[in-house]
Each structure stands twice: as structure tokens, then as C-alpha cells.
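Following the hints, put chain B in place on chain A, whose structure we already have.
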Amino acid sequence: MSEQEYYIPNGTYWPIVGSIGISTLFVGFANLMHDVSWGGSVMALGFVIVVFMMFGWLGQVVNESVSGTYNNQVDRSFRWGMSWFIFSEVMFFAAFFGALFYARALSVPWLGGADNNIFTPELWSGFSATWNQVAFSTPGTVLQSGVEMSVPTTLVDTWGLPALNTALLLLSGVTLTFAHHALRAGHRDQIIGWMVATIALGLAFLGFQIAEYGHAYHDGLKLTSGIYGSTFYMLTGFHGFHVTVGAIMLTVILYRVQKGHFDDKNHFAFEGVAWYWHFVDVVWLGLFIFVYWL
Amino acid sequence: MSTVVETHDHGLHGPAKGLTRWLFTTNHKDIGTLYLWFSCLMLFIGGSMAMVIRAELFQPGLQIIQPEFFNQMTTNHGLIMVFGVIMPAFVGLANWMIPMQIGAPDMALPRLNNLSFWLLPMAFGILLSTLFMPEGGPNFGWTFYAPLSTTYAPSTVNFFIFSVHIMGISSILGSINIITTIFNMRAPGMTLMKMPLFVWSWLITAYLLIAVMPVLAGVVTMMLMDINFGTSFFNAGGGGDPVLFQHVFWFFGHPEVYIMILPAFGIASHIIETFSRKPIFGYTSMVYAMSSIAILSFVVWAHHMFTVGMPLAGELFFMYSTMLIAIPTGVKVFNWIATMYKGSISFETPMLFAIAFVALFTIGGFSGLMLAIVPADFQYHDTYFVVAHFHYVLVPGSLFGIIAGVYYWLPKWTGNMYDETLGQLHFWLTFVSVNLTFFPMHFVGLAGMPRRYPDYALQFADFNMIISVGSFLFGISQLLLVFIVIKSIRAGKKAKPEVWEGSGELGLEWTLESPAPYHTFTVQPEVK
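Each protein sequence line maps, in turn, to chains A and B. The working numbering numbers the first residue of the first sequence as 1 and each following residue consecutively. The working numbering numbers the first residue of the second sequence as 1 and each following residue consecutively.
Calculated directly from the structure, the hints in this document are not laboratory data. Predicted model, so just to flag it, every value in this text is computed and none were measured. Treat the hints with caution; some may be incorrect.
[Said to hold, decoys possible] Which residues of chain B face chain A? A partial, calculated answer using Cβ under 10 Å:
| hint | residue |
| --- | --- |
| 1 | Ala108 |
| 2 | Pro110 |
| 3 | Leu115 |
| 4 | Phe159 |
| 5 | His165 |
| 6 | Met185 |
| 7 | Gly218 |
| 8 | Ala236 |
[Claimed, not checked] Residues from chain B that keep clear of chain A, each with C-beta distances beyond 10 Å, as calculated:
| hint | residue |
| --- | --- |
| 9 | Leu41 |
| 10 | Met51 |
| 11 | Lys278 |
| 12 | Pro279 |
| 13 | Gly365 |
| 14 | Ala376 |
| 15 | Thr421 |
Built from N, CA and C at the ideal position, the CB exists for glycine as well.
Chain A with its partners taken away, still in its complex shape (with noise of 0.2 Å):
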């Protein structure tokens, strides 16, 4: 169609699909928090829906690419709304680093009797301020849910696990910089090759990451463990569902990409993709400095 003419969709059905699938899925949930015993199959439920109106609506899209419907303008527009969806996720990530340096710099040197806070030795012996002691020195203490605190017998250690998690998530945005660089030369068997490697790298993370959640929890380091642990498995618990999301489409781009649907040219999705692996590993290096490292 002439650059001139506007492309216009026709109505679908997906969308409110999928606004039925996650309103099912949250519905569940609360239902689930709330010791309701259907809870957790409607949950299930509404995120079958939502991996079905994924397939349905995107491969409808898919479809359409393919077979020439869209133009420069539809393919600007995607990248358009790429772009400020990965935004949208860096300020999610930022709320919650927000905490941690909030809790880091601010509050728990508060509790500990900074600023002239002269009560807390008076209400809370042993406490210490210490952002990594935290967890240690508060025995005993029962949360607001009723559970008594975890106290962590060690803490994890950064040039362990985490540093070589590092190196990996890093290897693999090299990876799959090379892939793209084999797309825009046209060489298929050198992309699948890159490709592949990518999500080998992104799968190797993501097993580690479980190992190390596992030493973790092992020794005690848990969600129930104060400050320390919330932010620590907020943060890299959410980190470690974008590796997850990314390895996935990832792998639906190199089904793709061996269907034959790219060109040199012509490839938006791959490269959604890439900007979203590259945006989860500057994440993490955020979360190596800040939560494993200083």
C-alpha cells in the first residue's frame, strides 16, 4: 500500500480477551490470598487465557507482517510503543530500587540512631544499623503477618554465583548483537547459531539463579527477613521473571527467524526483542552493584 494511505486494523476480538484473562488471573488471585478454594484454578485460568489471547492476538499480528499488510509507518509505530513499554518498566524497576536506597541511606541508619534518634538504644538493644547486619540483629522480632522474622546465617556471596551470573547475562547481549549483525548481513545459519547461544547464556542465568536462591534460602535468607530480604528478593525476583519473559521471546523470535520471516530489512520483532534483553541486563547490573556488590 502507497506511504500515503494509512493502514487501519479491523476490529478483533483479543483485546477483550485478554482483558477477561487478566481480570480472571487477578480475581484468582485475591481469592487465592484469601484462602478461597477455587482461588488458585481460576488464577490458573485466567493465565491460560492470557498465554491464549498471546498466541491468538500476536500471531494474528504475525500474520499480518508476514503477508505485507503493514507498512513503514505500522512498523514505526511498533517500535514507537516498544520504546516507551521498556520506559514503563524501568520506572517499575526504579520504585523498587527506590526502597532499597531509601532503606539503605535512610531509614535503617534512622532506626539505628542517626540524627540524633536517641531512643532506640533505649527501645531496641543490639540493634545494629549495619545494612547487611540487619537481619541479624533483630531475633525474635514477629512481622505483621505473624510470622517470626528468618534470620540468615550467612550472606550471599558476590563473587560467587552473582559475579559469574554477571558475566553470563553480559556474554549474552554480545551474542545477540552478533545475531543481529548476522540478520542485517543475511546469513540465517550464523543468526540461529547466535541466537541459540543467547538463550543458552539466558537459560545458564536463570539456573543459577535458582541455585543461588536455593543457598539462599538454605541459609536462612528469606522474604520474612526483614528489609535485607524483601528488596533483595523483590528485586532480583522480579529481574529474574524479565529473564524468563526475555528467554521466551527469544525463542519464539528464532522459531521465527527459521520460519523465514525477516529480512535485512524488514525484522521490528527481533529487534523489540534485543532492546528488551539489553534492558534486562543493564537491570541487572544495577542489581549486581547495588544489592550484591557495595
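Chain B only, in chain A's frame:
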């Protein structure tokens, strides 16, 4: 124009029939209409809650409802008005007008647009359903401060949290769509500095939304984890801090209040230039003013928490940064007045609402400036003075902006003029009752009446009775708006393409016939 659409496979000839038109639609006008009617429905639900509050506060003492239910009413009134009325109404106007103002056929991502809307009824269905649960709905105020919303919350708080998540997804997707549309769908020749001010206001608003809605999602996620999974974000016993909640919430919350006013700035600018028959004074400075307001909105959040116990340096920083916002806001008010100066003004209903917007929003702005002064805020904090302040910027501010926009563009949407006599009646009823409702709140607030209580000391009785009478009048007057809109949809004097005298030169939307065709521009128009 429709012939162009019919020549390729993907365009629709016109709206589909029946319910599927609304469920499956990807048309920006249909979705805009859905947003606006949803917002209207929510206005009356949230408004009824305000009526319950005012009925209880008509006299001192407890007459009608119990304090527990009163708390649910204030909380849900706030949540519904913010997330269910003002924001969807602006998104509805954006959907209708942005493609028409920039010369596009539709939004850039029309299917996403459908998802953005249809998440909203689900979110509010979940929220409102909590009111019928045994423990009752959210009762911790629309700002849901921890630990009131965590440790001491009714267990239905989980439904509230997920409802906020769904609203957040809806807003983020909607904003991505709006930004993409503005950046990618403008007609050739429409450079950024030629864009209509409503489009500019929404570009900035959408940016703010994408920046802060994820932070809101983050804060409710932390709540969810604290309540159900034993984390300690807002629990000092585990090294966290309830004040952290307030910081994260207001980092979202302050940009949020500009999200609720910036599109009204855009609407007021268009209306004032149309009815003053002069182009807007200081277009460039209007754009820069809105941008500065948006940027400053990220560094003023803690002025909502002056009494929480912050270091002095923090109080001073947030006091001065807040006062800075008065400068770009002052530029805008100056420009609106300068546009009217020596203009050939006529006072149709949209213009009346726009002028009232400028005057009354300024009152709300000045009381905001008073609240920004730390030592003064220590006195005003959590009194009815604050209630007066934010209702002045939200009701005669945002809501008047929306109503003005509806009157202004209604003939373009329906093809029929609205009933001007009834419109004038609606304006004067609304204008009198809104001031009757909210102005005395300044007095009782300065005299020390605290907000969010179902009862009050005897000396506040007279003013509260006046406030309640005003609010009932205000509530009933809005039924007139619905009547006028429906009347204009069904019949009325046919509107010309250029609905308002001379408006043809002010924007692309006035070059289209009235009502506007189902697909606005199927071929790119040229902008000189």
C-alpha cells in the same frame, strides 16, 4: 472519503452492528465514546458517595451511617473520581480529538486501545465489588497510607491492590498509544511546535503517566508482599519504614495530580482562543510552561508529607521546589487572560466553563501556594483547607475543563448543536453550587476542622450545612449535563463543519464535516 477506505481489505466501511461494535472496536471515536460514557457513569457513582458523605456531615453527630462505612465512602469517592472519572474522561477526549487534530485516521495502535479501555470496567468492577463483601471495601483513604492499608486494612485490600494493578496496566497501555500516535501519526508539515495545545498537553501527560503509573504498581506490589508474604517494606520491625510508603506513593501521586490538570489546560487554551476570536497568546511559552510543570512535578512530592518528620533540609527543598511551580502556572494564566484581552469575546457555554476554569483554578492554585509554605502547612495539614484546595483544582479545574471540552466538541461528535439555553442554565447552576460547596471549606479548614471524620465540633455546623446544600445542588445539576448531551445526540440544529465562528483556521478537526466521518483522515492532509 469512505471510498478510499473501501478500496483496501482492512478498513471498515462503518461501525459494526450491535454489541460487537463496542466490544471489538478498534475505532478511536468508538473507544473515545466508551471512555466518556464510562467516566460519566463513574461520576454519578463517585458523586453518590460524595452525597452520602455530605448527608452525614449535614449536621454534627452521627445520623445516617456508621464511621466504618463513612471511611469506605471517602476512600472510594476519591479513588473513583481520580481513576474512574477524571483520567478516563481525558483519555476519552484524547481518543476522540488527537487523531482529528493531527490529521490521522485513527490511533497508532488501535487494538491496544481497545484493551486499554476494556480493562477499566473490570478494574472498577473488582473495586466496587469489595463494598458488598462482609468486611467492606477499602477504608484507608484514597492515598492508602501504610500501615493503615497493610497491618490494619480489611482483608479485601487484596482486591483493591489488584484493581489498582489493572487500572495501571490500562493507563500505561493507553499512554503508550497516545505518545506513539502523536510522534508517528502527525500529518506532513505538522511540526511539534505547530501541534494544537491539547495534543501538546496530552503528549506531556502521557509521558508523566508512563513514568509514574509503574511506580504506583510497585508500591501496591510492596503492600501485597507485606500483607501476604511477610516482607518488611513498610514495617519498622523489619528495618523498613511506613514513611517509605508515603515517599513512593507521592512520587507517583504528585505527577498524577498534573496528569489530571494538564489536558484541561490544553482544552481551555483552544476554547479561549476560539471564543476570543484571537489565536492563543504565547503559544511557545504555553508549551514550555507545561513542560516545566511536568519536569518540576517529579521533585516536589514530599510537600504532601511536611508533617511526617523530615529533615529540615528536605522540608526546605520541597517547599522551594513547590513554589517554583507557581511560575509556569502563572505564565499560563497570564497567557489565557492576554488571549482574551481586546478579543471579540462571546459567551457560549464552553467559554463560560473555560473562563470559570481560569478563575477558579487560580483560586485552587493560590491555596496550593499557601499549603507549600512549611510552617503554614503544619497548621493546614489534614484540615478541610486541604480538601478545599484540591477540590478547587479538581472540580472547577479538571472537571470544568472536561465539561467545557464536551460542550466545545459535542457538535463535532454528534453533528447537532446542543441546546444553548440549557447549557447556560447548566453552567450557572454548576458555577454557583460548586462555590457554595467548596468555598466554605476554606473557612472551616482554617478554623481547624479535620478531614475524613464523620463528625465535627459544633462551631462548624453552619458552614457544613451550607456545604452540604451546595453539594446536593451541584450533584443534581449534573443530571442536566447528561440530558443536554443525550438531547444533542438525538436531535438539534445541524452543525456546520466549522462549528464555531472562525474556528476553521484553528485546527484540523474543524475542517471535517459534522459529525466527523467514522475514519477521520484516510489520506494524509497537508499542514502548511
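For each hint, the structure was consulted:
no., hint, in the structure
1, Ala108, "holds, 4 Å"
2, Pro110, "holds, 6 Å"
3, Leu115, "holds, 4 Å"
4, Phe159, "holds, 5 Å"
5, His165, "holds, 6 Å"
6, Met185, "holds, 7 Å"
7, Gly218, "holds, 3 Å"
8, Ala236, "holds, 6 Å"
9, Leu41, "holds, 17 Å"
10, Met51, "holds, 29 Å"
11, Lys278, "holds, 34 Å"
12, Pro279, "holds, 29 Å"
13, Gly365, "holds, 28 Å"
14, Ala376, "holds, 25 Å"
15, Thr421, "holds, 39 Å"
Hint check: no violations occur; every hint is consistent with the structure.
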